[in-house]
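Listed here are the chains, written in short residue letters.
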Amino acid sequence: MAKNFKSEGDLVTKQPNSCLSKSVGIFSLSTGNMGKGRREEGSDLNGAYKGEEGHDGEGLVKLRASTLKTGSRVSFADCDNDGNMIKTCSELDLNIDPMFAHSALGRSLSYSAIERTDRQLEDPEVIFNRNMVFSHFHKSYDTYSLGSLDSRLSTSPIQEEVFESHEHRSNGPSEHDIDTCENPDDLDLSHDVNDTVDDNTVDCASQNSGHLKSRPPLSNGKSKHRPSSGKQTSWLLRLFESKMFDMSIAISYLFNSKEPGVQTYLANKMFSFMDSDVDFYLPQLLNMYIHMHDVAEAVHPYLVHRCRSSVEFSVKCVWLLSAFSASVLKPTWRTSQGLKLRNLILNEELSHSHKHQHQLQKHHPSVATAPGLVEPSCETTQSLGTMPQSLGTTLSPSSKKTHIRSRSDATGVFVKAISSQSNLTHHNYSCGDLASGRAFDSGCLCHKSTEAMKNDLTGKLVPCQCGSPRLSPQIEFVKAMMSIGSRLAQLPTKELRGSRLMAELAMLNLNLPARVWLPTVQFDHHVVRIPHTQSVVLNSKEKAPYLIYVEVLQCDNTLTSQVPNKILENTLRYTRSEEDLVTYYHHGNTSPRDFSVYGNLNDYDDADCWSQEDDDIIQIQMPTLRYKSSDQISIESSTSGDSKDPVYIAAGDIRRRLSENMSAPKGKFERDPEDPSAAAMKEPWEEKVRRIREASPYGHLPNWKLMSVIVKCGDDLRQELMVYQVLKQLQMFWNAEHVPLWIRPYNIVVTSNNSGMIEPVLNAVSLHQIKKHSKLTLLQYFEHEFGPQNSEEFLTAQKNFVQSCAGYCLVCYLMQVKDRHNGNILLDSEGHIIHIDFGFILSTSPGKNLGFENSAFKLTHEFAEVMGGEGSDMFEYFKILILQGLVASRKHMDKIIPLVEIMQTGSQLQCFSKGVSTIRALKDRFHLNLTEEQLQLLVDNLVESSLNSLTTKLYDGFQYFTNGIL
Amino acid sequence: MSQETPVAGGDRKGNAVLLRKGSAHKMALKEKIVQIYEAFFQGEDMSAGNANFWDELFLLKVNTLYIETECDKLTGDGLVQVKDNFNMMFERCVEVIKQDNSVRTVNAVHTLCALVRGIYRKSLKDNAFDAINLLIGFDNAESVFQSLVESFNRILSGDFPVALKQLLLKFMLVLVSVTENISQNTLLEYVLINSVYESLIAVLGSPVLRQALGVDAILLLTLLVQYRKHESANPYIVKLSILDDELALTGYAQVVSIALSDFNSDYKARGTEPQSGWFSTLANMVGNMFVGEEKEMAAVKANDSVLLALYEAIHLNRNFITALTHAHTPSIATTPPSSPATDIPPTGDSSGHSLDVQTSPEPDHLPTNLLVTFLEYTSIVIQDTKDETRYNNARLCLIIMTCIAEDQYANSMMHDINMNFRVPLHRLPMRHRKVKFEASPPSRPLACAVLDLMVEFIMSHLMKTMPVELYTRCLGICHRILCYQKKCRVRLQYPWKSLWTALINLLKFILSHENHLLKKSNVFHMCSKIVNIFNLFITYGDTFLPNPNSYDELYYEIIRMHQVFDNVYSM
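So the sequences go chain by chain: A and B. Under our numbering, the first residue of the first sequence carries the number 1, and numbering increases by one thereafter. Under our numbering, the first residue of the second sequence carries the number 1001, and numbering increases by one thereafter.
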């Protein structure tokens, strides 16, 4: 396929080094409109290019306008010298009205990448003469442009290292010798493109070629018009514009390409991707941002834009940036951009309110007159805010004043006192002070105004306008949890830690609900309560990771929805004490004798203690426990007191019921003070949710949800994060290829280089805990949990076990996951096996890399026993699964490798201790050069050797003796 | 409560008689203020002709003792004569407090204290006149008090020195406690109209103010709640019962908890005095004969107001139960309030999180909660109930326990197996057992500690002067806890045998002293309560006993002691 392209000649050419001075290739695209769901009728004219037309040579000015609606489609329009639209094409039928295009300019945020041509500097004037306004002319950088920094990166050591890695990447002898090549970048590009096309387009090769021939007029025109000097780019461009171009390709090209044009293009292209797609690669993106100056320059506008629009994204960026730049000991000019960006975000310089000044300036009248316009105008300001160079200057002089006025407007609004809580100190800023009860309150009053409440009820967004710090509540929230962890670590015993944890969480609870969220959770929500008595400290000697359950209320938008009101814990008897008293209080003074909270003090008989009313309330509270109504205490005590109608009870019955109750199978482990987490983890999740929901004052709300999170302090989770990404990718590929391998990637949030949060795997306990509490072998435990070996439940569980085991064996092999003792392997309630703790991967292993575990993966005879023993059908199925998984993963290797490779850049992580060879070894484990038969042999060997590996047994023994892990 | 406030006590020094050097007459020097006071008590209008008189007066140090003694000296008629002066002085004081001059404010408050105390002491002796009229005058009493309470609220919740706030609180306490029976203190009507409640709650809610002013604040609140609580709708009762500010409630609990744990640690410190050699032991014994009891008494007495505050909170406010079981550590490590986001250090703080390690918790400071402290306190208080004060103290403790045992939420917390606490329970040494105070008792759910406490009480008060009422309450608490367990099917791992033994012993004791006890109280009621508890075990044992063996054990105990039950039946 690639050869084919090359032979066509006009598609692939080398781009000379001088292309920057001459050229042309213009890609422009707009981010479209960032708002979701807003219809925009016209197109945004967002980029302009003027240059010599390569083929026709007619000096046409090509103006290509493109519109992307939430990143979905691109349309083009060509313009002639006078700026008239001469050709309008779009993939979807999009009619560009030239007039509208002009007028719509102010409404969208757009970025354009214009290669630096000779003429470019003249362009602004030309374009201005045409009364056309363009969002960005030179580079789309924001106020905080990195443009001032040198781009001397091409000589940096990192760059050279990257080259080196490229050298290794090319399998087999490369025809191009890098040293002799004039332009390594281009060589690299073309080579990569070939590779990529080769790998990715195998399936749709025919489709692709057909596509080539029957290209729509536009595309044809495009390639035709492309100047000869830019053919290289156009070749790349075709890949970039192809259907299969996605974030993973973008990220690897960002990493590999040294050409500013390509990088800028890719950075702009990111605007068109789904946010979630880009977010997946955020660690890679930010790592490049920190360590690769040219990439930083390119992606800076994108990051700034996202930070502006999303607080959540900002927070994520802050955490990742501080985590990944931690290894940069002395920030130099080359490596300081990461920290700079972090501080930029932290200082709220990228906040909404900075833009907001523009909004108020321009759109305040419309807001006042037509409330319905609030939303569009808000979005408009996003575009305004991001082009301060062009339009912002006209607005800036008086903007400061407006801003402050808006703030006073907001605060001046009558604040409704929701309850009798003391609002005396409400205006004190106490963010971060847990004792204040408002540690996670940014002081924003926008949502407390009556107007905001009305908007909230009618479903309108209520953006914060008062300029209070956006990030600090969330950052303080996570900081509070981390500092609990660090304090716990200093306590000697588990019991102390446990009770301390509860006390600390109770303290934290005082500050909830607040506009904070759990970063491990995907949907929008507010944290309302932490049921502190349910929290447990996990097993660890030095560190004190802990598991907490968090009650959240789902909402439409974390940042704009109303934060739920506080409901006190003790909701029982609410009706009696409070509401009645209020009415008494208001009408009460008429007959003072009627009202007395106090009973008759002389009467110390308890007859009135248990009124019928209490029982009713208790019954409502505990609907799941079945009582007969005659069980009520008042009746019962009276029957036993005066035996008018004696009820005879056989003691034997009661004893029998008691012993039945005892022997009833319980899906739980007994509580063990030495290992509190075992019982907490074993309890079925649904049961736990039900139990906590009943006890929670917020439990009655329909949007109530229970979440759990493991907070780790003192552990570096960056490796875990990388493994999570790899697992996610593998899972996706296996699903796409219909390979029934099962893995369970669990979400990781890195908050700094030594702290983070982990999404716990629900309904799963470690093999160690199973062995310790049940005292059974794995097979016996399966029988105990799922029934006899021929029952359907057992067989399903066995199938799950095999599929998950195969998945994780493959993962362990590919990523060289070590430290596989039974404490790190979980078994869930469906029989799936789940590996956790990826602290030792790739080039690192426990015990100073001595290689305790030299088997490919952990596969014990016990595992094989569950599968039915060696040679059984399920065992064979297991091996086939591994093979299938390996083949499927191999196909997508080029999407997995960059994930790891990019993270290696500038990394001090243990897993990259062997440098580039780590990546090479990883690549080798995909065995690209083997045929399927050879692969099968390989898998058989791997399984065989792992099963009979001495070191696995040794390591388990070692763990038993040192850490008591069974 | 106590009439001796530090305000009055602290000024005694100022009264030291100054002598002129070398003076043969030994004539005492008169302070300028005393001269003014003299004129004041003569009924002269001192401010006449001197515009700055009041400004200057309140810059002078107050001599409270002089005012009080002068008041005492005055006859009824004399008092009426200087009524105008009293009224003027009071009014001026209130006006001065309104202004923001701390020296004058302090002096004015002192003057007010002295006036109030002086006149009320007089009016207690002969009730012939009305104190309010003398002090303020009926006509403008309402407006003066309104302005006084306004300044009180303003100062308490504003940015003023803590000492000033404390002084005002003390003054309010003086005002509230001038009469023996609080319900007769008609001054409080004005405090009911103009509420100080909100500022008191604000004090409790603020972690800084709470430390210095917490005890006074809850004391004042408790006293105000007492005012005619059975007769009228006291707004303080209503407000306290609907209080739902979690911070204030937690603050309230913390203040009580600190006061009680101070008592506990005092008691412990006394119990574990270093004893070296037989002589010191002997000396201690002798010493304890005379001093020890008294000292303990004082300690108990110092706390009964706090206990009352605890009772009011638990009884009135359902939300307080939450705060009761809210775990808090003695030294809560609070992160200092960080300034707004712009101040977040932009320098290369590589870790990103400055985890404050400096606030390292002391390992021996186990997180505790008010309930744990209260249980320990109760275990000390119920040791001895001979004295009436102590009897009342123990009774109040048991009433509070009853309230707690009645509350579902408190019960659910007490039975939560995840919430284990070490509750140090104190036991009195007796003839058949040595004192054993476990330094580190087992960590168990709180319900176990409550039951232990009840068992201990039952076993240790089988005496001729049997506190029947306390026993009834005690049995009620056990009954309530069992009912909760039965309802919610909680299987508490508790050695139930100790409870059964205690109950059977109690029955045995009642039977053997039937004739003696019957004269004083209704022992039948108590017996039926005991039997009820046994019935609960027998009929519903399957819902809350930990295992079948314990049910067997129950039958074994009953059959073994069947004689007792037979006798009760024939009682």
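Keep in mind that the hints were calculated from the coordinates and are not lab data. Bear in mind that the values here come from a model prediction, so they are computed numbers and not experimental data. Note that CB positions come from ideal geometry on N, CA and C, so glycine has one too. It cannot be assumed that every hint is accurate.
Stated by the list, open to error - To give an idea of the interface, some chain B residues facing chain A are shown, with a C-beta separation under 7 Å as derived from the structure: (1) 1244; (2) 1246; (3) 1416; (4) 1418; (5) 1440; (6) 1441; (7) 1443; (8) 1534; (9) 1541; (10) 1542; (11) 1547; (12) 1559; (13) 1562.
Cross-check of the supplied hints:
1. With 7 Å as the threshold, the beta carbon of residue 1244 of chain B comes within range of chain A, its nearest partner Cβ sitting at about 5 Å, so the hint holds.
2. Among the interface hints, the one on residue 1246 of chain B holds; its C-beta lies about 6 Å from the nearest C-beta in chain A, closer than the 7 Å criterion.
3. The interface hint given for residue 1416 of chain B is met, as the beta carbon of that residue sits about 5 Å from the closest beta carbon of chain A, less than 7 Å.
4. Hint status for residue 1418 of chain B relative to chain A: holds, with the closest Cβ pair at about 5 Å, below 7 Å.
5. Restraint check, residue 1440 of chain B versus chain A: the minimum CB separation of about 10 Å is more than 7 Å; hint violated.
6. Annotation: interface hint on residue 1441 of chain B violated; nearest CB of chain A at approximately 13 Å, more than 7 Å.
7. For the restraint placing residue 1443 of chain B at the interface with chain A, the shortest Cβ-Cβ distance is roughly 6 Å, inside the 7 Å limit, so the hint holds.
8. Hint status for residue 1534 of chain B relative to chain A: violated, with the closest Cβ pair at about 9 Å, above 7 Å.
9. For the restraint placing residue 1541 of chain B at the interface with chain A, the shortest Cβ-Cβ distance is roughly 6 Å, inside the 7 Å limit, so the hint holds.
10. Checking residue 1542 of chain B against chain A by beta carbon gives a least distance of about 4 Å; that is within 7 Å, so the hint holds.
11. Nearest Cβ of chain A to the Cβ of residue 1547 of chain B: about 6 Å, under the 7 Å cut. The hint holds.
12. Interface restraint check: residue 1559 of chain B against chain A, minimum CB-CB distance 11 Å, threshold 7 Å, status violated.
13. Given hint, residue 1562 of chain B at the interface with chain A, is violated; its Cβ is 14 Å from that chain's nearest Cβ, farther than 7 Å.
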